[in-house]
Amino acid sequence: MKSISGRGALLSLLLAAVVCAIAVGVAGAGGKSRAVRNGGMLTIALAEDPDALDPTLARTFVGRMVFLHICEKLYDLNGKLQIVPQLAANLPQVSGDKRTVTIKLRKGIKFNDGTPFNARAVKISVDRHRTLTASRRASELSPVDSVDAVGASTVRLHLKEPFAPLAAQLADRAGMIMSPAQLDKLGTRFATDPVCVGPFSFVSRTVGDRIVVKKSQFYYAKKKVHLSQIVFRIINEPTAAAQALRAHDVDVLDRIGPTELSAIQRDRSLSVVQATSIGYQGITINIGNKNGLLKLPYQNVGSALSAHAALREAFEVAIDRQLLNKVVFQGQVQPGCGPIAPVSPWFNGKTRCNIHRDLKRAKQLVARSGVRNPSVKLMIGNDQVAARLGAFIQAQEKDAGIEVALQPTEFVASLAKADNGNFDAFAIGWSGRIDPDGNIYNFVHTKGAQNDSGYSNGRLDLILDNARHATSAAARQKLYNAAVSTIRSTRPLIYLYHAKTRDGVSKKVTGVQLYGDGLIRAQFAAFK
Amino acid sequence: MGGFILRKAGAALIVLFLASVLVFSGIRAIPGDAALALGGEERDPAVTAQIRHKYGLDRPVPIQYLHWVGLAVRGDLGRDSRELSVSHTIVTRIPLTLELAGLSLLIGTLIGAVAGVLAAIRHGRLADYLSNGIALIGLSVPHFWLGLLMIIEFSVNLHWLPSGGYVSFRADPIGNLRHMAMPALVLGTGLSAVVMRQMRSAMLESLGADYVRTARAKGLSEWSVVCKHALRNSLITVTTIIGLQFGALISGAVITETIFGIAGFGRLTIDAVSQRDYALIQGVVLVTAAGYVLVNLAVDVLYSFLNPRIRISGGAA
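Heads up: the sequence lines are chains B and H, in that order.
Each residue of the first sequence is one higher than the last, beginning at 1 in this note's numbering.
Each residue of the second sequence is one higher than the last, beginning at 1 in this note's numbering.
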């Protein structure tokens, strides 16, 4: 072994000191080790006013953001959009015949009124979700036949048929557990003072103005909760909301408007967090919805697009998704070709998506269809973005020889027209679900509740039913790959893009998270 | 006097009944199924049917109307899609819009009346042209543009005033005025222009009338001629305008409320319409109609005090 000279030792010491200093400096700059302040009121600007704060009756996207802070679920999502236990102790255990699902619950948890969280509470909530009149959860839990509380910390769900997406359903509002004491007290008026398990408890609501929640004293991980209060302020004018963020009257802004993005990006006191949506935007083609939704059997409506598969293909390949992104959305969306977004763990990376148009092929397909001067009535929304999108598609299709007549229609009216089959093509999107079943089944299965296309394909029905029954993720992945392939080749829907959610956050705040579901997660956020 | 008021109140009740019928049938004429809108994204037909039944939408429209009116006369306007009481929501939202409209009225009237009188007594001179010019701008500038401009300047750049929201006067009087300053000024701008133009023409007419000439011939001071004689008569026309404008301010506050994030009556209306929340829309529009009717009734009564000839002719008729 060589001995180190005095000068060498000094150099080594100096080097070690420099390395240490750099290492400490780097760690200090990292967000995680930076000290955060306990207390403070975080203000989140929501783009709309949530509906009923009752997990059984709630239907709005913004409502889910409020629930994230006051109503925990049996399961939740992690940053990779995988399902992880929240109030459950582990992932559901499925019996051999796939008809019984056992869920173990975490122990020692209390609702925000101090009453205990247990299997009985889970049974009461799940039964309420399934059976309450006008429950928006009833269809999500329709495969559940009955629920048993087995002891204090185990529930057993008996299914009418195997249903693999159950865990995903229980990772949303259908998995939110309400305090039985509060349900006894308020019944159907639970929304006036909701009590669940959550890092924050409900304080007050002023319709159209704000919802106030405060740090819960009963939360099982209250040491992780830094904020003392969160105020959800409803500011539904995008420019005014952006100015409120810039004026620091709000700390977090839900969904920055496209025209406000650059100003917020330029503001050094603000940051922008973004996530690609697990939903999609596309065009539904009316193929067989002649007599109305679910009025079976579906019959071909006889329009040019419904009668000629080649024309549907021409319609799709005439659209340049890349250009659409640039022209209509200033590059702010992700072009896509299927119902499963690239951010989803279920996305098949081998799927080929040609985001550029093939005008030559589009013209050939139009000629092959034999339809002279084909025309399509495209129902679109009545907002500015829809108008731009419609005008873009109209211009692209014209190049291929397809005349598109735009039908701007108010949203609720357009839903009624779509359900009645009173349309040729309908530009509409879907906010997305974590399980692929939620993005596919209802839209293309013959018995799907949103199959406005009136599409009926026995093979696809079989694939989708099998995907619901399969329990292994690998088997389900294969089935969904096959399903997406079938949909893309027959085109009851033409998928165009996946939206990107962009939220503005003040740099005074740390720990605000945004996943692909587009929901703001500020349960464990803090002021710096 | 009592007969006059009773006659006017009777007419007001008939108007209110007709308004309720119009509101009820008008809302149902909006295209689109309310149950679909309330059903959420899933649009499950079974759930939609349950919602239709829950809100009574599957019953004949006249039955729905009678049920609604029956509850409304007892002060119960039903429950909205948030499962909250419509009456309570409206009662808590009205003060915000009333305060906004009241402050706007105050600002608009003060600016408009002073500018109008000034323009009339300085007719054909610089002050007149200036007042007319400002009034024209006041009428032309859209509220949303002016509101955003003020927010950018006074909230984002100068940090003097909050960009929006509302704090009740009882909880924090200073905070309340700080929150209401910009919205009231924005909403009052248009009104001040209307008041100015009305005041100017009414004053010009009064100043040219025989009784003013007589007053001047009697040697009264200019102050006395303008304020005691011409202004008092001109106020009759202007009071009518203010009365009508107050109703318009309440229903027209929606843009200002939206820009400044004030959860007032106007915003409530827009939200209710976009959500097809029938119970809320009906309640909101009925209360708006009642507001119009009551304010007009109050103006009629005030008229009779300002000009006794109206009361006398009304009583004799």
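Rather than coming from a laboratory, the hints here were simulated on the basis of the structure.
Some hints here could point you the wrong way.
Stated by the list, open to error - Straight line, CA to CA, 27 Å or less: simulated DSS-like cross-link-like pairs of lysine-lysine: (1) B:Lys185 - H:Lys54; (2) B:Lys123 - B:Lys98; (3) B:Lys417 - H:Lys8; (4) B:Lys80 - B:Lys363; (5) H:Lys218 - B:Lys447.
* Does Lys363 (chain B) lie within 27 Å of Lys80 (chain B) when you go C-alpha to C-alpha? -> Outside the cut-off at roughly 42 Å; violated.
* Asked: Can the restraint linking Lys123 (chain B) and Lys98 (chain B) be considered satisfied, given a maximum Cα separation of 27 Å?
  -> holds, 20 Å
* **Proposed proximity, Lys8 (chain H) with Lys417 (chain B) (alpha carbon, max 27 Å)** => violated, 46 Å
* Asked: Does Lys218 (chain H) pair with Lys447 (chain B) here, judged by a C-alpha cut-off of 27 Å?
  -> Answer violated: Lys218 (chain H) to Lys447 (chain B) is near 92 Å, above 27 Å.
* Could you grab the alpha-carbon distance between Lys185 (chain B) and Lys54 (chain H) and see if it respects the 27 Å cut-off? => Distance of about 21 Å is within 27 Å: holds.
Hint compliance for this structure: hints 3, 4, 5 are not met, and every other hint is.
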